[in-house]
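Number of protein chains: 2
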Amino acid sequence: MLGNFVYCNPTKLYFGKEALEGLRKELPKYGKNVLLIYGGGSIKKNGIYDAVVKILKECGKEVAEDAGVMPNPTSEKVNDGVQRARACKADLLLAVGGGSVIDYAKAVSVSVHCKEDPWTKFYLNMEEPEGEIVPVGAVLTMVGTGSEMNGGSVITNHDQKLKIGHVFGEEVFPKFACLNPEFTFTLPQYQMVAGFYDILCHILEQYLSDFDDNTSDYVMEGLMRSLVHSSLIALKDPKNYEARSNIMWTATWALNTFVAMGKTTDWEVHMLGHAVGAYTNATHGMTLSAVSMAYYRHILPYGLAKFARYAVNVWGVNAEGKSEKQVAEEGLARMEDWMRTLGLAMDLKTLGVTPDMIEGIADATYINEGGYKVLNRQEVIEILKESL
Amino acid sequence: MLGNFVYCNPTKLYFGKEALEGLRKELPKYGKNVLLIYGGGSIKKNGIYDAVVKILKECGKEVAEDAGVMPNPTSEKVNDGVQRARACKADLLLAVGGGSVIDYAKAVSVSVHCKEDPWTKFYLNMEEPEGEIVPVGAVLTMVGTGSEMNGGSVITNHDQKLKIGHVFGEEVFPKFACLNPEFTFTLPQYQMVAGFYDILCHILEQYLSDFDDNTSDYVMEGLMRSLVHSSLIALKDPKNYEARSNIMWTATWALNTFVAMGKTTDWEVHMLGHAVGAYTNATHGMTLSAVSMAYYRHILPYGLAKFARYAVNVWGVNAEGKSEKQVAEEGLARMEDWMRTLGLAMDLKTLGVTPDMIEGIADATYINEGGYKVLNRQEVIEILKESL
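Those sequence lines, one after another, are chains A and B. The opening residue of the first sequence carries number 1 in our numbering; numbering runs sequentially from there. The opening residue of the second sequence carries number 1 in our numbering; numbering runs sequentially from there.
Next up, chain A with everything else stripped away, as it sits in the complex (with noise of 0.2 Å):
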C-alpha cells in the first residue's frame, strides 16, 4: 500500500545536445560570484571546462575555482571546500562531474554558512542545516548517482573508516542540471559499467523492500528494462546516442525520490558497498556488484514472491511449470549473467579487499531494517566472506 508521503522536486533539467545552453538561462539569477566545483581534470581534456568557463565569462561571472575533488570525496576536501567558498564569497557552487563532484558540492553548500565541523554536525550526527544554504548548479559528466537530482550526499572520513551518505530536503537538490548525454562518451568503459550497476541497484533497493501492490514496482520494472536493454547497446557502441540518453534519464529517475515514494525502502547494498569503501577506495558502483550476488541470494528466501516478479518481469523468466524459488533463481542467474557480460567486479578480491579487512568492514556496515532480512553481524560477515 502507498503510505503517506510528501514529494517535491524543483530541479530544473536542461536535457540533451544542448544542454549547455541551459547555463545562460540560469546563471543570470545568481549573483557575481561563482565557484567552479571539479574533480580530477579530465573536464580539461575534453572541452567541457572551456565551454563552461566561457558561458560563466559571457554572463559576467567572477569565477574561483575548487578542483580535485576525489572519487570518494573526504570530509578534510570539504573544509577545503568551504574556505574557499567563503573566500570567493560564493553565490552559487557549479559542480562539473558526476555524482562525487555533485555531492561534494552539497556538503559545501550546508556548511558554507555553519560554524559546527561539517562532518560531525551533517554526516555523523545526520542533522539538518538550519542556516543559509549557498545554491548549487550541475553539469552532469557522468551517470549513475542521480545526484544532479535529489538531496544525496556521500562523503568519507578515512580517519575513522567511515563512508557517510545524508540524504537533504529538497532545500539542497542542485537547482538545475544540466545532461548532455555526449559529455558521458569520453568516460573510461570501467567507470561506465560501474555507473549501470550503481543506476540498477538504486533501484533494486528500493524495489526489493515490501509486497505491497504498488504502481512504484511497476515503473521501476520499467526502468530496469530499459536498462538492461541500452546498456548492451552501449556496451558494444559507448558513442550511440540513444542508448547514452536512455540510460542518462533512466539513472536520474531511479534515484531522485520519484520510485521510493509511499514504499519502504532498503539499501543494505550501499551499506556494504560504503563500508568496502572505506577501506578500499574502489569505485562505487564495483564495489556493490561485488557483494550484490551473495546479498541477494541470502536473503532471496525472505522475499521470494517479489523476487520471482522481478525475475518474470525484469528478466523474462518464463515462469510455467516452476516453483516460484526456481523462478527467483533463475532471475537472479540472469542478472548476474548480466552483470559478467558488463564486466562489473564479481568478488571483492578484485578490489583490494584481504580476508583480515572483513572484521572492520562489517563493523563499519550500517544495518538498515527495510529489506526482507534485517541481518544480524554474523550474517554480514558471511555475505562478505562469500563475496571475496
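Treat the hints with caution; some may be incorrect.
Just so you know, same-sequence chains aren't split out, so a pair can sit in one copy or run between any two.
[Claimed, not checked] The calculated EDC-like cross-link candidates involving lysine to aspartate or glutamate, where the alpha carbons are at most 20 Å apart (straight line), are:
#1 29 to 130
#2 29 to 171
#3 17 to 213
#4 115 to 76
#5 239 to 212
Bear in mind the hints are in silico, worked out from the structure with no lab data behind them. As the structure is a computational prediction, the values presented were derived from the model and not from experiment.
Chain B: place on chain A using the hints.
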C-alpha cells in the same frame, strides 16, 4: 531517441490519508485572502468542504467563494471567477475538486491581472501570460486529468462550440496539491470509471507516437499495467484504499509532463473527444472511450510495431507464432474487453450524439501531427461515424 527538452515540475504533493494537513504547511506562505473554488457542491455532502474551511479559518484566512464550476468549465464562468478573485483581492486560489475545477482555477489565475479577454487571449490565440499570476493550490477529489501537477487548462466556449486546452508553463502549475485517495471513494461509479479511462488515454496519447527506443515508453508500460490491475480491483471494491491510491498516483504521473519528455506525442483522441464534448457536454473520459477503438483500429496499420509492443508488454499477449498484425489486434481486443468490463461508453450515441452532428464535430476537431497517421477530414468523419 530522446530529443532535447527542459523538465521542471515544482508542484509539492501531499499524498495519503493525512494529505489535507499539508494545507497547514502551505497556507502560511500566502497572503490573507483565499478564493475557495469548487463545483456542484458534492464536497458539502461528503465533509471535505467543512474540513477545508476549518483549516482555512484556523490558519487565519479570509475566505471568499466561487462555487458552481461545471464539469466542462466555460469561458463565461471564467469571467465570473476573475471578477470574484479581483473583488476579494485573492492571494491564493484554492481549488477543491477534480480536473475541471483545477483547470478553471488556472484559467482564472492567469486572467486576474490581465486586461484582455481570457478566452480570446489564452485559448483561441494560445498566448502566454505576461503579468502576475495568482497562485493556485489544489485539494483533489477526483482523479484522471492530472491537472493537480501540470499546466493544462481546458475551457469550453458554447457560443463558438469550441473546447480548447492550453498547456501553460510551470509558473501556472498548482504550487501544491493535497491527494487523499479516500476523497475519491464517494465518486459515482460512472465518474470513477470515466476517470480510469482518461488516465489510460493520457498515457496512450504519449505512448502511441514514434518508434524510438525510449525509456519513457518502458515507464508508461509500467504505469498502464498498474492502472489496469488496480482498476479491476476498484471496480469491485471502490473503497479499496490500495487500488485507489495506486490509481491516484498513476493519474498524476500520467500527465505531469514526465513521460512525454523527449518524445513526440499524439493527443488526437483528445481532439476528437473535445469536439464531442463541445457538442454534448458529455463526461470527458466517456467522450474519449467512445471514439478510441475506431481511432486506434484506424491508425493501427501505420503504427504496427508499437501496437504489437503494447499488446505484449501491457496486455500480456503471447506473440509466439503470430504475425505482428495479429498480436497488435489481439492487444486492442483485450483493451476493448477491459473497457467493456469497466462499463465505459463505447459509442457516441450513448452520449447524445446524433448523425446530423457529425459534420460539426469534425469541423471542431483539431488535427494533430504527432500520431502514426495525420488524419484528413474524411478520416475524421469515418472515425466519428464508426463510433456512432
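The hints, checked one at a time:
In this assembly of identical chains, the alpha carbons of residue 29 and residue 130 lie at most 20 Å apart only when taken from different copies (19 Å versus 23 Å within one copy). In this homomeric assembly, residue 29 and residue 171 come within 20 Å of each other (Cα to Cα) both inside a single copy, at 16 Å, and across copies, at 16 Å. For the identical chains of this complex, residue 17 and residue 213 are inter-copy neighbours only, at 17 Å across copies versus 38 Å inside a copy, given an alpha-carbon limit of 20 Å. With identical chains, the CA atoms of residue 115 and residue 76 are at most 20 Å apart within one copy only, with a shortest distance of 15 Å there and 58 Å across copies.
Proximity of residue 239 to residue 212 under the C-alpha cut-off of 20 Å is restricted to the inter-copy arrangement: shortest distance 17 Å between copies versus 39 Å within a copy.
Checked against the numbered hints above, the structure breaks none of them.
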